[in-house]
Amino acid sequence: MSLYEIYCQHPIVTTDSRNCPEGSIFFALRGERFDGNQYAAEVLQKGCVCAVVDDAGVIPADPALAKKYMLVADVLTALQELAAEHRRHLTIPVIGITGTNGKTTTKELTNAVLSQKYNVLATQGNLNNQIGVPLTLLKIRPEHEIAIIEMGANHPMDIADLCAIVRPDFGLITNVGKAHLLGFGSLEGVVEAKTKLYDSLRETGGTAFIDAGNELLVPRAVGLKTIPYGSAGDVQGRMTDCSPFLSLELCIGQEKVGISTNLIGSYNLINVVAAAAVGHRFGVETAQIKAAIEGYRPQNMRSQLVDLGHDNFLILDAYNANPTSMAAAIGSFAHNSAAHKNLILGSMGELGEESQAEHRRILELLADADATFDSILLVGEEFTKAFKALSDGVAVALAKHTTRCYATSDALCADDSALKNLCGTTLIKGSRSVQLEKVADVLRK
Numbered sequence: 001m002s003l004y005e006i007y008c009q010h011p012i013v014t015t016d017s018r019n020c021p022e023g024s025i026f027f028a029l030r031g032e033r034f035d036g037n038q039y040a041a042e043v044l045q046k047g048c049v050c051a052v053v054d055d056a057g058v059i060p061a062d063p064a065l066a067k068k069y070m071l072v073a074d075v076l077t078a079l080q081e082l083a084a085e086h087r088r089h090l091t092i093p094v095i096g097i098t099g100t101n102g103k104t105t106t107k108e109l110t111n112a113v114l115s116q117k118y119n120v121l122a123t124q125g126n127l128n129n130q131i132g133v134p135l136t137l138l139k140i141r142p143e144h145e146i147a148i149i150e151m152g153a154n155h156p157m158d159i160a161d162l163c164a165i166v167r168p169d170f171g172l173i174t175n176v177g178k179a180h181l182l183g184f185g186s187l188e189g190v191v192e193a194k195t196k197l198y199d200s201l202r203e204t205g206g207t208a209f210i211d212a213g214n215e216l217l218v219p220r221a222v223g224l225k226t227i228p229y230g231s232a233g234d235v236q237g238r239m240t241d242c243s244p245f246l247s248l249e250l251c252i253g254q255e256k257v258g259i260s261t262n263l264i265g266s267y268n269l270i271n272v273v274a275a276a277a278v279g280h281r282f283g284v285e286t287a288q289i290k291a292a293i294e295g296y297r298p299q300n301m302r303s304q305l306v307d308l309g310h311d312n313f314l315i316l317d318a319y320n321a322n323p324t325s326m327a328a329a330i331g332s333f334a335h336n337s338a339a340h341k342n343l344i345l346g347s348m349g350e351l352g353e354e355s356q357a358e359h360r361r362i363l364e365l366l367a368d369a370d371a372t373f374d375s376i377l378l379v380g381e382e383f384t385k386a387f388k389a390l391s392d393g394v395a396v397a398l399a400k401h402t403t404r405c406y407a408t409s410d411a412l413c414a415d416d417s418a419l420k421n422l423c424g425t426t427l428i429k430g431s432r433s434v435q436l437e438k439v440a441d442v443l444r445k
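Counted from 1, the sequence shown has number 304 at position 304 by my numbering; the numbering is strictly sequential.
Don't take each hint at face value.
Calculated cross-link-like contacts (lysine to aspartate or glutamate; reagent style EDC-like; alpha-carbon spacing at most 16 Å) [what the hints assert, rightly or not]:
| id | residue 1 | residue 2 |
| --- | --- | --- |
| 1 | K400 | D368 |
| 2 | K385 | D415 |
| 3 | K438 | D410 |
| 4 | K385 | E358 |
| 5 | K400 | D374 |
| 6 | K400 | E364 |
| 7 | K67 | E85 |
| 8 | K225 | E203 |
| 9 | K385 | E353 |
| 10 | K256 | E285 |
| 11 | K225 | D199 |
| 12 | K68 | D55 |
| 13 | K420 | D374 |
| 14 | K388 | E358 |
| 15 | K117 | E143 |
| 16 | K68 | E5 |
| 17 | K400 | D370 |
| 18 | K139 | D199 |
Simulated from the structure, these hints should not be mistaken for laboratory data.
Using the sequences plus the hints, can you model the full thing?
In structure tokens form, the structure reads like this:
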């Protein structure tokens with residue numbers, strides 16, 4: 001019996017030996033610190049019907065026991081091939097979403113909008129890599145009517161490889177910016193990698209939702225079936241307020257509707273418009289789009305507003321950061337109406353040789369900012385080095401803010417005087433590796 005035939009009879013897949021539902025298929029993935037092959041016998045005892053392994057040494061000699069093992073050349077490849085086979089049998093629309101920033105928020109908003117009318121299967125959290133994408137596809141059941149698959153990338157061919165599995169009918173690239181430069185090499189490398197989604201759509205005759213005002217993406221979509229949104233197309237948006245939550249007037253065809261979101265930051269405007277454009281294409285009524293967007297609340301340290309009491313607030317945006325998203329967050333926060341504003345910024349990762357230059361540009365942006373921040377607390381080695389290397393002119397301009405540097409989040413957490421002096425609204429933004437959530441936890445106490 002082939003692996004796909006087994007899956008059709010037992011359509012539950014797991015890669016975690018601690019979570020083995022009765023009748024599931026276990027894929028013995030390998031990692032730097034673990035080898036799933038070593039848990040094959042254990043998961044079969046727990047109720048898995050099949051263990052997919054790539055180490056023949058773990059298969060018992062007893063034929064009665066060995067029949068529950070499937071030996072493959074590479075377990076990850078087998079998982080991806082199974083997902084691709086499952087995808088080939090699907091007849092529902094599959095929407096692929098990628099981008100440098102905003103892809104998870106856009107995916108969640110789109111899921112909320114489409115769920116007003118359809119039974120939707122969407123990527124959970126940010127399971128958007130070579131493992132998460134096939135696992136998501138394998139969760140699609142006959143009752144699902146639309147699938148939304150988020151795809152992430154750290155290297156040039158990641159999106160191309162994922163598209164070969166997903167084969168999206170529709171695609172949406174939120175934007176392209178400076179991120180993962182260690183893997184992509186340059187902004188052009190990012191553009192080239194992300195627009196592999198467009199190449200996939202061309203091959204399959206698919207359609208791209210595209211931000212009509214994005215000068216990097218529009219030229220790459222020439223010759224592709226597109227549904228424009230933003231500055232052109234049937235769905236456009238105009239920000240009406242952002243203090244602190246984003247409000248907008250959404251225009252869908254001849255209809256105009258006001259929307260009050262739970263999203264922080266003007267940069268989320270285009271994400272809302274993108275989700276509305278997808279909903280409009282699939283026949284979701286304007287009133288339903290409004291209800292879905294207004295009901296969405298961000299989670300997992302993505303532009304979350306935390307009430308600290310006594311008129312003090314925290315904007316927690318510490319899930320990830322790159323030069324593009326960092327600049328956007330600072331620019332939006334500078335226009336926040338709070339009387340007292342503070343910044344806690346963590347170093348940005350995976351920038352390679354451009355790291356110091358990009359951190360220096362952020363500090364120059366702060367020096368040029370019209371707004372005055374009561375405190376700027378910089379966390380991480382890259383920001384610390386960039387701060388020490390500032391030119392005299394930039395250092396003087398930055399002196400209008402009280403600026404301090406810390407090697408780690410733990411070092412900042414230990415500085416009671418710095419944290420106790422934070423009044424008003426504080427933006428926390430940085431790469432996940434800096435662990436700025438530790439600082440947020442201290443401020444919450």
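These are the hints, each one checked on the structure:
no. : hint        : verdict
1   : K400 x D368 : holds (10 Å)
2   : K385 x D415 : violated (20 Å)
3   : K438 x D410 : holds (7 Å)
4   : K385 x E358 : holds (12 Å)
5   : K400 x D374 : holds (9 Å)
6   : K400 x E364 : holds (13 Å)
7   : K67 x E85   : violated (23 Å)
8   : K225 x E203 : holds (11 Å)
9   : K385 x E353 : holds (14 Å)
10  : K256 x E285 : holds (12 Å)
11  : K225 x D199 : holds (11 Å)
12  : K68 x D55   : holds (14 Å)
13  : K420 x D374 : holds (13 Å)
14  : K388 x E358 : holds (14 Å)
15  : K117 x E143 : holds (13 Å)
16  : K68 x E5    : holds (14 Å)
17  : K400 x D370 : holds (11 Å)
18  : K139 x D199 : violated (26 Å)
In summary, the structure is inconsistent with hints 2, 7 and 18 from the numbered list given earlier, while agreeing with the others.
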